[in-house]
Structures are given as C-alpha cells and as structure tokens.
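Trainee: Sequence order for the protein chains is C and G.
Just so you know, we're using our numbering here: the first sequence kicks off at 1 and counts up by one.
Just so you know, we're using our numbering here: the second sequence kicks off at 1 and counts up by one.
Note that these hints are calculated values from the structure, not bench results.
All C-beta atoms, glycine included, are put in the ideal place defined by N, C-alpha and C.
Fair warning: there could be bad hints in the mix.
Calculated lysine-lysine pairs in the BS3-like style (CA-CA distance at most 30 Å, straight line) [stated by the list, open to error]:
| no. | chain 1 | residue 1 | chain 2 | residue 2 |
| --- | --- | --- | --- | --- |
| 1 | C | Lys135 | G | Lys42 |
| 2 | G | Lys42 | G | Lys56 |
| 3 | C | Lys135 | G | Lys56 |
| 4 | C | Lys135 | C | Lys78 |
| 5 | C | Lys78 | G | Lys56 |
| 6 | G | Lys34 | G | Lys56 |
| 7 | C | Lys78 | G | Lys74 |
Some chain C residues judged to face chain G by a derived CB distance under 7 Å, without partners named [as the list claims (entries may be wrong)]:
| no. | residue |
| --- | --- |
| 8 | Ala15 |
| 9 | Gly26 |
| 10 | Phe34 |
| 11 | Phe72 |
| 12 | Phe116 |
| 13 | Ala118 |
| 14 | Trp122 |
| 15 | Thr124 |
| 16 | Leu168 |
| 17 | Leu175 |
Listed next, with one range per pair, are the computed distances between beta-carbon atoms [what the hints assert, rightly or not]:
| no. | chain 1 | residue 1 | chain 2 | residue 2 | range |
| --- | --- | --- | --- | --- | --- |
| 18 | G | Thr4 | C | His126 | 25 to 31 Å |
| 19 | G | Pro21 | C | Glu40 | 23 to 29 Å |
| 20 | C | Ala41 | G | Glu23 | 28 to 34 Å |
| 21 | C | Thr66 | G | Leu35 | 40 to 46 Å |
| 22 | G | Gly32 | C | Asp119 | 37 to 43 Å |
| 23 | G | Arg82 | C | Phe72 | 38 to 44 Å |
This is what each chain is made of:
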Amino acid sequence: MNTKNGIASLDSDVADVLEQCVDRFGNALFRFAFARTGQEAVAEELVQETFLAAIAGGKKFRNEATLSTWLFAILKNKVADHFRVQNRRVSEQPLDRTPDGQPSPSTYRDNPEALFEADEFWETFHGCVDRLPNKLAEVFILREINQHSPQEIRELLGIGATNLSMRLSRCRLALRECLNVRWFDQSNSTKS
Amino acid sequence: MVLTLHCEEASHLMSDSHDRPLEFHERAALRGHKLSCGRCCKLERDLDLVVAASRKGHLRVPEDNAPDLSDTAKQRIKATIRQAVDDQ
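Please take these sequences and the hints and turn them into a complete structure.
Mentor: Have a look at this one:
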C-alpha cells in the first residue's frame, strides 16, 4: 500500500489493497453480516457490496486500523439497507390476526428466559420485526441491531429526541401487538 | 403530573426507560399512574419482554457461531473488485 502521512492513495494498487482486505477482514465482515441476516448468500452479497462501495466512495484509505473500521461502517449501512428493503416488502403482507381481529390478553409472562429458549419464538419474533413499518424498522435496526446510542441515532437521522422517543415507543408497541397476535394467542390456543 | 399522566404518556416513559434514565418526576409520575392502572402494569412487563427479546435476539445467529467466508466467495469477491477497479 502506498502511504503518505498515513494515507494510502486509491490508485492502480487499489485492487491489490482491497483483495488483501478480503483475506484479512473478509471473515469478520461475513460473520457480522451472517449473524444479523442468518443467510449465507445474503451475507456474501453484503460483503461484496461493501467492497464495491469502498471502491466507489473512497478516494483515500487511511491507515489499516481505520480501513477495517471504515469497511465495517459501510457494511453496517449495507445491513441496514437490506433490512429496510426486506421490511418494505414484508410489511405489505397482511398480518395474521385472531378470528375476532383483536389481540387478546396473554398468559406467558412469567418466564421469559424459558421463552427465549424456544426457536419457534425467535422465528415469530423476527417475523414481527420484518413486518415493522419502514420508519419504525429504521430505528429498530439502528438501536437494537446495530446497537447505536440514542444520541448517535439522532445524529444519523437528523431527528430530535422527542421524535426518536416516539418512534422507539411505537416500534416496541407494534412488536408487542404482533407477538400477542402471532405467538401468545397461538400458544394459548394450542395449550387449550 | 402524577394525576394527569395518561396511558399513552406512560407507555412512552416505559419505552424511554430502556434508552435513558428517567428523571425523578418522570419516575414518580409513572409509579403514580401504575398504582391505578392495571393495564399499564401489564404493558410495562410486555415492553420489558419486547426490549429484552430485541436485545437478545438482534442476532439471528450468534456471531461466534457464524461460519467464515468461503474460499469460493472470497475468490468471487476479489474478481468482482478487480473488475470494478478496471472499469473505473
């Protein structure tokens, strides 16, 4: 890598630099994406898009420590974009509801740890996340998936504290209603 | 505020409590509201569960259990990089 004052130019050796990055950071980038999407092909695609975005968007690389941070920052945005598109697609599908159309009281709540052991619960939970409307999915992704602080999210989205608070609150209430309909009512009816 | 807190405001404060420490007057208002509102007591437990699930389940696969990028994928990505740089 040609460097000057800790900065390497993106010139003719850029392909070599990025190919080395595939070897050095590819596994970590892939694991980050795979853990969040659960799909090998999607995670590979997101890693590839990350490198393509690095070529398109970067005229300079800083030193190698910053380079990996930069690639992860790009990947986080790619993961967020992936969930935004997925949410847009899935949220257009109708939500399964109980026969009377209303969520009903549930009786689960005494043992969340046991609940979290059930694979079926997570399948339902992620289905509910996939059905969040875009604006709510956006804050959910930033807060819970990318684990940004509220301050960071406000800066990223350019919104105020009240707006973010309202969106997070609505997001959690929507997840609660979805779980009531799709999990707790179902498990209650199975038990009865 | 204790007497005027509505369920909707209470639910926002419950949600906020997962993102920031509530002010003293907010905690007092919430506590006062819950004394007279069983629905909000249940809602608080539900929101606790939703947030716990969100923070525990944000990973569909534990990162430590995720596989490495396959050699085939690495070679494909490298070829794509080479092509993209050549096209610039």
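Trainee: All the hints need checking, so say for each whether the structure fits it.
Mentor: The hints, checked one at a time:
Note on Lys135/C and Lys42/G: the hinted pairing holds, with a Cα-Cα distance of about 26 Å set against a maximum of 30 Å. Taking the CA atoms of Lys42/G and Lys56/G, the gap is near 21 Å; set against the 30 Å cutoff, the hint holds. A hinted pair counts as satisfied when its Cα atoms are at most 30 Å apart, and Lys135/C with Lys56/G qualifies at roughly 22 Å. Distance check on the hinted pair: Lys135/C and Lys78/C sit about 17 Å apart at the alpha-carbon level, within 30 Å; holds.
Taking the CA atoms of Lys78/C and Lys56/G, the gap is near 22 Å; set against the 30 Å cutoff, the hint holds. Restraint check: the Cα-Cα separation between Lys34/G and Lys56/G comes to about 27 Å, which is no more than 30 Å; the hinted pair holds. A distance of roughly 18 Å separates the Cα atoms of Lys78/C and Lys74/G; the hinted pair therefore holds under the 30 Å criterion. A least Cβ separation of about 4 Å between Ala15/C and chain G falls short of the 7 Å threshold, and the interface hint therefore holds.
The closest approach between the C-beta of Gly26/C and any C-beta of chain G is roughly 4 Å, which is under the 7 Å cut-off, so the hint is satisfied. Taking 7 Å as the C-beta cut-off, the interface hint given for Phe34/C holds, the closest approach to chain G being about 4 Å. A hinted interface residue such as Phe72/C counts as satisfied when its beta carbon comes closer than 7 Å to some beta carbon of chain G; here the least separation is about 13 Å, so the hint is violated. Given the 7 Å rule on beta carbons, the hint for Phe116/C holds: about 6 Å separates it from the nearest Cβ of chain G.
Because the smallest distance between the Cβ of Ala118/C and any Cβ of chain G comes to about 11 Å, over 7 Å, the interface hint for this residue is violated. Residue-level restraint check for Trp122/C holds (minimum Cβ-Cβ distance to chain G is 6 Å; threshold 7 Å). Annotation: Thr124/C was flagged as interfacial toward chain G, and the flag is violated, the nearest CB pair being 10 Å apart, outside 7 Å. Look at Leu168/C: its Cβ gets to within about 6 Å of chain G, closer than 7 Å, so that hint holds up.
The interface hint given for Leu175/C holds, since its Cβ lies 5 Å from the closest Cβ of chain G, which is under the 7 Å cut-off. Checked against the hint of 25 to 31 Å, the C-beta distance between Thr4/G and His126/C comes to roughly 38 Å, which is inconsistent with it. Distance hint check: the CB atoms of Pro21/G and Glu40/C are about 41 Å apart, inconsistent with the given range 23 to 29 Å. A C-beta distance of roughly 48 Å is found between Ala41/C and Glu23/G, which places it outside the suggested range of 28 to 34 Å.
A beta carbon spacing of about 53 Å between Thr66/C and Leu35/G contradicts the range 40 to 46 Å that was offered as a hint. For the hinted restraint 37 to 43 Å between Gly32/G and Asp119/C, the CB-CB distance of approximately 41 Å keeps it satisfied. As the Cβ distance of Arg82/G to Phe72/C is approximately 22 Å, the hint placing it in 38 to 44 Å is violated.
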